[in-house]
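Keeping the supplied structure of chain A fixed, place chain B upon it in accordance with the hints.
Residue numbers (this note's numbering), protein chains in the order written: chain A, 1 to 244; chain B, 1 to 244.
Hints are not guaranteed to be accurate.
[Said to hold, decoys possible] With a straight-line Cα cutoff of 20 Å, these simulated EDC-like cross-link-like pairs (lysine to aspartate or glutamate) come out: (1) LYS131/B with GLU147/A; (2) LYS182/A with ASP135/A; (3) LYS131/A with GLU147/B; (4) LYS134/B with ASP150/A; (5) LYS153/A with ASP135/B; (6) LYS153/B with GLU147/A; (7) LYS133/A with ASP135/B; (8) LYS134/A with ASP195/B; (9) LYS133/B with ASP46/A; (10) LYS131/A with ASP150/B; (11) LYS186/B with ASP135/A; (12) LYS133/A with ASP218/A; (13) LYS134/A with ASP121/B; (14) LYS134/A with ASP135/B; (15) LYS241/A with ASP189/A; (16) LYS153/A with ASP121/B; (17) LYS182/B with ASP135/A; (18) LYS131/B with ASP150/A; (19) LYS131/B with ASP195/A.
[Said to hold, decoys possible] Label-pair restraints from in silico Cβ distances: (20) PRO109/A with SER144/B: 41 to 47 Å; (21) GLU139/B with THR184/A: 34 to 40 Å; (22) GLY138/B with GLU217/A: 29 to 35 Å.
Hints listed in this document are in silico derivations from the structure and should not be mistaken for laboratory results.
Quick reminder that beta carbons are idealized off the backbone N, C-alpha and C, glycines included.
Protein chains: 2
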Amino acid sequence: AIWQAISSFGTADPLAGQPDFAGENHRSLHGRHVLVTAGPTHEPIDPVRYIANRSSGKQGFAIAAAAAAAGARVTLVAGPVHLETPPGVDRYDVESAREMLDAVNGALPADVAIMVAAVADWRAADTAGQKIKKDGSGEVPPLSLAENPDILKSVAASPARPHLLIGFAAETHDVVAHAQAKRTRKGADWIVANDVSGDVMGGDANTVHLVTASGVEDWQPMPKGEVAHALVERIASHCMKEER
Amino acid sequence: AIWQAISSFGTADPLAGQPDFAGENHRSLHGRHVLVTAGPTHEPIDPVRYIANRSSGKQGFAIAAAAAAAGARVTLVAGPVHLETPPGVDRYDVESAREMLDAVNGALPADVAIMVAAVADWRAADTAGQKIKKDGSGEVPPLSLAENPDILKSVAASPARPHLLIGFAAETHDVVAHAQAKRTRKGADWIVANDVSGDVMGGDANTVHLVTASGVEDWQPMPKGEVAHALVERIASHCMKEER
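So here's chain A without its partners, still in its complex pose (with noise of 0.2 Å):
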C-alpha cells in the first residue's frame, strides 16, 4: 500500500521520487531543513563504565541520506556510531541524552525533525569521577537511576516546533498500541514504529508501521535504506500537500 501511494503521488508529480534527477527546483524536499536524530545514547556510570542500547544509527543515517538526495538541507545529530557521514548531510555528534538534547535545541528550527536515535530513557543519578571499585565483600550495591530528557517531548512543545514532527519507537511487544499512545502522549506527528521482536536492532531490515492521526499503515518488511526512502517520500507528499 505504501507503494502504490508512493507510485500514485508520481503520477502527480513526475519528477518526485527521483532524487538524482537533475535541476535541484525539481527535487521533493529541495528548500527544507530536516532535522535527524540517530543511533544510541550512552550514559557514563564512571569514566569506564556505561549504559547503552543496540541502536546502530543505520536507520536514522539511511534517513539523512535519502533526505539529502531528495534536496533537503539535513542536519543530523548522531549519538556514538561507525557509520560514515552520508554525503551532503551535516553531522553533530554527541554522547548522552542531555548532548544529544542541547544539540538538536542548536539545530531547530527545522521544518521536519525525524527523531530517530534511540534515546536512554535513564542515566545514572550520579556519575563517578573515579572508576569504581570492587569492595571485596562480594556485595553489589544497585545503580540509582535518573529520568533522562524526554528529546521527542521536548521538540514537540518548543516555540521552535517543527512543521512535521516524527518520532521512532522501537518495541518488542504490543508495537502499534504502544506507538499509538507514545504519539498522543509525546505530541509528535507521526509514530514509526519498528518492532524489533525478532532482534532487528543493529540489523539491516526493519519491519515498520507508519502510525498518523488518520490511522495505521502496516509496511511490509524492507531494508532500511528503502525505509528510509519511503519516508522521505511521504514527508514530501506532505509538505507539498499542506501548502496547497
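Showing chain B alone in chain A's frame:
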C-alpha cells in the same frame, strides 16, 4: 629500560624480535599456544539495553597480532568490537562475561594467557525478556547488579593454568598500587597496569607499568602496537629462560 632489555635479549639471539625473519623455527614464540582476551563485555539489561565499557579492543588485538607474528598459535576471545581479525589468529566472538569465561575455558590449555579484555565486574541481576518501559510515574527503580565471574582468577585457579598468566588493569588512580594488589589477589604472574586517567581507553597510545614478582617497570607512553611487541618479546624471553 624495556627497550634496553629487549635489545640485550636481541644480542643473545639475533633472530629474536624479528617476527618477519624467514624460518619459523627461529620465531620467538614458535610452537607456543597463546590465548588472548580483548575488548569490552556487554551485559544485557533487557533486549535492547546493556551495560558496556569503553574498551576498544585495540590493545588486545595488537597483542594477538604481535604474538602471531612471533610464530605463536593464537586464540583470541573477543568481546563486541569493531576490529578486523589479525592474520593468523583464531578468533571467537562473545558478548557477556559469562560467555567469555566459557570461551576461555574452551581454549585452554595454553602456554601463555594474556587477559586484556575489560570484563564487566557486574551484570544486571535480572535480565528482562521484554524492553523495560517507563511507568509514567517519573520514579525510576534502581538497577540491581550481580557480580560477574572473575575470569583471571578462575584461570589462575584452573588445573589447566597457563605457565605464564598475564592480567591487565585499567585504572584511573593509584595505578601501580592497584595493579600490585591485583596480581596477588588474582594469582596472576604479571599485571600490565594501564593508566587510563587521561582518557586513553579507546585511543591509540598507552601508558603502561609492568608489575611482576620482581618489581615494577614504568614504560614510556607508546602506541598500542609498540606495547604489544614489547610485551610479546618479554614473554618470549621469559619462556626461553624458563626452559634453560
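Results for each hint:
no.: 1; hint: LYS131/B with GLU147/A; verdict: holds, 16 Å
no.: 2; hint: LYS182/A with ASP135/A; verdict: violated, 42 Å
no.: 3; hint: LYS131/A with GLU147/B; verdict: holds, 16 Å
no.: 4; hint: LYS134/B with ASP150/A; verdict: holds, 11 Å
no.: 5; hint: LYS153/A with ASP135/B; verdict: holds, 16 Å
no.: 6; hint: LYS153/B with GLU147/A; verdict: violated, 37 Å
no.: 7; hint: LYS133/A with ASP135/B; verdict: violated, 32 Å
no.: 8; hint: LYS134/A with ASP195/B; verdict: holds, 18 Å
no.: 9; hint: LYS133/B with ASP46/A; verdict: violated, 24 Å
no.: 10; hint: LYS131/A with ASP150/B; verdict: holds, 17 Å
no.: 11; hint: LYS186/B with ASP135/A; verdict: holds, 14 Å
no.: 12; hint: LYS133/A with ASP218/A; verdict: violated, 49 Å
no.: 13; hint: LYS134/A with ASP121/B; verdict: holds, 8 Å
no.: 14; hint: LYS134/A with ASP135/B; verdict: violated, 31 Å
no.: 15; hint: LYS241/A with ASP189/A; verdict: holds, 15 Å
no.: 16; hint: LYS153/A with ASP121/B; verdict: violated, 35 Å
no.: 17; hint: LYS182/B with ASP135/A; verdict: holds, 13 Å
no.: 18; hint: LYS131/B with ASP150/A; verdict: holds, 17 Å
no.: 19; hint: LYS131/B with ASP195/A; verdict: holds, 12 Å
no.: 20; hint: PRO109/A with SER144/B: 41 to 47 Å; verdict: holds, 43 Å
no.: 21; hint: GLU139/B with THR184/A: 34 to 40 Å; verdict: violated, 22 Å
no.: 22; hint: GLY138/B with GLU217/A: 29 to 35 Å; verdict: holds, 33 Å
Hints 2, 6, 7, 9, 12, 14, 16 and 21, counting from the list given before, are not met by this structure.
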